[in-house]
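**Q** Sequences are here, hints too, so could you generate the full structure?
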Amino acid sequence: DAGVTQSPTHLIKTRGQQVTLRCSPKSGHDTVSWYQQALGQGPQFIFQYYEEEERQRGNFPDRFSGHQFPNYSSELNVNALLLGDSALYLCASSHRTPVSEKLFFGSGTQLSVL
Amino acid sequence: RKEVEQDPGPFNVPEGATVAFNCTYSNSASQSFFWYRQDCRKEPKLLMSVYSSGNEDGRFTAQLNRASQYISLLIRDSKLSDSATYLCVVTSLSGGYNKLIFGAGTRLAVHP
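Heads up: the protein sequence lines correspond to chains C and A, in order. For the first sequence, counting from 1, position 42 maps to 42 in our numbering; every step adds exactly one. With positions in the second sequence counted from 1, the corresponding number in our numbering is that position plus 1000.
Don't take every hint at face value.
[Claimed, not checked] With a straight-line Cα cutoff of 25 Å, these simulated SDA-like cross-link-like pairs (lysine to any residue) come out:
no.: 1; chain 1: A; residue 1: K1002; chain 2: C; residue 2: R57
no.: 2; chain 1: A; residue 1: K1045; chain 2: A; residue 2: N1012
no.: 3; chain 1: C; residue 1: K102; chain 2: A; residue 2: R1107
no.: 4; chain 1: A; residue 1: K1042; chain 2: C; residue 2: E53
no.: 5; chain 1: A; residue 1: K1045; chain 2: C; residue 2: H10
no.: 6; chain 1: C; residue 1: K26; chain 2: C; residue 2: R57
no.: 7; chain 1: A; residue 1: K1002; chain 2: A; residue 2: R1037
no.: 8; chain 1: C; residue 1: K102; chain 2: A; residue 2: S1094
No lab work stands behind these hints: they were computed from the structure.
**A** Structure representation (structure tokens):
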């Protein structure tokens, strides 16, 4: 049983570019949450998707957008990249809500913006 | 003020020591509480949930004080393999849905 998978594992971009990160949830999970973790900080909630809709959102600008597909996989898109967007981006999957069950994280995508 | 605040660390302790981490949260409406462990450059993994009555899992004991909005994690008989960052996590209700709010983490280094 595959856990949460993310791709790519590492990515290097330049300022102003756009990036798309991908996530496949654990089998049986239907909810995907995205987090940004800067060096030395805890993960910061970006947004959560359920039934192909953004269910809630953290304090991130509109440059950050996402999508969930019918097979529950998800994408995170970031436009007009800034140096400060350099971070580890984590995807977490759960069933319906992240509280009643254990939240499973993928190993993340390390994004470097130069 | 951050929603979840933790001891900054790092904590450097010898094997066998007992170490305690503290965490405070600002949202009195938070319903669920967790400790996650994160190894360097890896994803966070759930260590244990935290209940009002306190709970224990082997060498790990977690306590919750709702009145003080305070959470703790006690590790007894530290092992080298306990070296990691420990993240305090609380839930935040928004728009009818819960999301997890992470603290910045406390780094633990256990040495021989």
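**Q** Now look at each hint and say whether the structure bears it out.
**A** Structure-based check of all given hints:
1. With a C-alpha separation of about 17 Å, the suggested pairing of K1002 (chain A) with R57 (chain C) holds against the 25 Å cut-off.
2. Taking the CA atoms of K1045 (chain A) and N1012 (chain A), the gap is about 22 Å. The hint holds against a cut of 25 Å.
3. Taking the CA atoms of K102 (chain C) and R1107 (chain A), the gap is near 23 Å; set against the 25 Å cutoff, the hint holds.
4. Our distance criterion of 25 Å between C-alpha atoms is broken by K1042 (chain A) and E53 (chain C), whose separation comes to about 28 Å.
5. This hinted pair checks out: K1045 (chain A) and H10 (chain C) have alpha carbons roughly 20 Å apart, not beyond 25 Å.
6. Of the pairs offered as hints, the one joining K26 (chain C) and R57 (chain C) holds, with about 21 Å between alpha carbons and a cut-off of 25 Å not exceeded.
7. At most 25 Å may separate the alpha-carbon atoms for a hinted pair to count; K1002 (chain A) and R1037 (chain A) meet this at roughly 20 Å.
8. Annotation: proposed proximity of K102 (chain C) to S1094 (chain A) holds, straight-line Cα distance about 19 Å (limit 25 Å).
The structure fails to meet hint 4 from the earlier list, while all remaining hints are met.
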